[in-house]
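Protein chains in written order, with the working numbering: chain D, 1 to 112; chain R, 1 to 112.
Keep in mind that a hint or two might mislead.
[Said to hold, decoys possible] Result set (DMTMM-like, lysine to aspartate or glutamate): computed pairs, CA atoms no more than 25 Å apart in a straight line:
hint : chain 1 : residue 1 : chain 2 : residue 2
1    : R       : Lys65     : D       : Asp1
2    : R       : Lys69     : R       : Glu53
3    : D       : Lys71     : D       : Asp31
4    : D       : Lys71     : R       : Glu1
5    : D       : Lys54     : R       : Asp56
6    : R       : Lys71     : R       : Glu53
7    : D       : Lys37     : R       : Glu53
8    : R       : Lys69     : R       : Asp38
9    : D       : Lys99     : R       : Glu70
10   : R       : Lys71     : R       : Asp59
11   : R       : Lys57     : D       : Asp1
12   : D       : Lys37     : R       : Asp59
13   : R       : Lys71     : D       : Glu42
14   : D       : Lys99     : R       : Glu53
15   : D       : Lys99     : R       : Glu62
16   : D       : Lys5      : R       : Asp59
17   : D       : Lys5      : R       : Glu70
18   : R       : Lys65     : R       : Glu53
19   : D       : Lys56     : D       : Asp84
20   : D       : Lys68     : D       : Glu15
21   : D       : Lys5      : R       : Glu62
22   : D       : Lys71     : D       : Glu58
The hints are simulated quantities; they were obtained by calculation from the structure and are not laboratory data.
Model, not experiment: these values are computed from the prediction.
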Amino acid sequence: DQQVKQNSPSLSVQEGRISILNCDYTNSMFDYFLWYKKYPAEGPTFLISISSIKDKNEDGRFTVFLNKSAKHLSLHIVPSQPGDSAVYFCAASAGGYQKVTFGTGTKLQVIP
Amino acid sequence: EAQVTQNPRYLITVTGKKLTVTCSQNMNHEYMSWYRQDPGLGLRQIYYSMNVEVTDKGDVPEGYKVSRKEKRNFPLILESPSPNQTSLYFCPSSGQGLYGYTFGSGTRLTVV
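One chain only, chain D, in its complex shape (with noise of 0.2 Å):
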């Protein structure tokens, strides 16, 4: 039973532009909300959180919105760069830092 769920295997997206990448989840006892970015070789490295008591939480170019009725959120990267070209993975988790459950990735190329 996937619980946290990333639909789109795949998104190209010309330089410059926004890249929206989407996570639906359905265990409603989720409360912390994580993206991470993987390069190939490479382990996953920690982009950006939010807490389910917000809706939004932004850092730079990276903004991740929280829709906790329709059970979903999406990162939004603006301007997309090259560099940003990776696997994206959606995470969750409930009540603590142990138990975090992975999206299954959405493969970014952002074409120049």
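Got chain D sorted already, so can you dock chain R onto it with the hints?
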């Protein structure tokens, strides 16, 4: 440099031959975990540990063992590896109040 170190990076082994993948972190993190990454399935949690001598099963623990005798180390043991354990393994860690995992570079395991 703050990091998580996994060894080996690459391993090819035969079915049934016991192996251990080591994981060490130098950040004094309480939380450590093991994940496997497979195509189309994302990152799935195998085991996690909240501190020394405190471990618990994740979503896919079958065929694996762990131990946490020291805070910095969290080895993954495959007593009798099988081909369906061929995967890319990650051992991230996290500290109190720090919600993002720090990942190492991973271990690519092939069981033939």
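Status of each hint after checking the structure:
1. R/Lys65 x D/Asp1: holds (23 Å)
2. R/Lys69 x R/Glu53: It holds: about 6 Å lies between the C-alpha atoms, which stays within 25 Å.
3. D/Lys71 x D/Asp31: holds (11 Å)
4. D/Lys71 x R/Glu1: Distance of about 38 Å is beyond 25 Å: violated.
5. D/Lys54 x R/Asp56: With Cα atoms ~30 Å apart, D/Lys54 and R/Asp56 exceed 25 Å; violated.
6. R/Lys71 x R/Glu53: holds (9 Å)
7. D/Lys37 x R/Glu53: Since the Cα atoms of D/Lys37 and R/Glu53 sit roughly 31 Å apart, the hinted pair is violated (cutoff 25 Å).
8. R/Lys69 x R/Asp38: violated (29 Å)
9. D/Lys99 x R/Glu70: holds (20 Å)
10. R/Lys71 x R/Asp59: Distance of about 23 Å is within 25 Å: holds.
11. R/Lys57 x D/Asp1: Holds, at roughly 16 Å.
12. D/Lys37 x R/Asp59: holds (22 Å)
13. R/Lys71 x D/Glu42: Answer holds: R/Lys71 to D/Glu42 is near 24 Å, not above 25 Å.
14. D/Lys99 x R/Glu53: holds (17 Å)
15. D/Lys99 x R/Glu62: holds (17 Å)
16. D/Lys5 x R/Asp59: holds (15 Å)
17. D/Lys5 x R/Glu70: violated (35 Å)
18. R/Lys65 x R/Glu53: holds (13 Å)
19. D/Lys56 x D/Asp84: It holds: about 21 Å lies between the C-alpha atoms, which stays within 25 Å.
20. D/Lys68 x D/Glu15: Between D/Lys68 and D/Glu15 the Cα gap is close to 30 Å, so the pair fails against 25 Å, i.e. violated.
21. D/Lys5 x R/Glu62: Roughly 23 Å between the alpha carbons, so the hint for D/Lys5 and R/Glu62 holds.
22. D/Lys71 x D/Glu58: Measuring from Cα to Cα gives roughly 19 Å; hence the hint holds.
The structure shown violates the earlier hints numbered 4, 5, 7, 8, 17 and 20.
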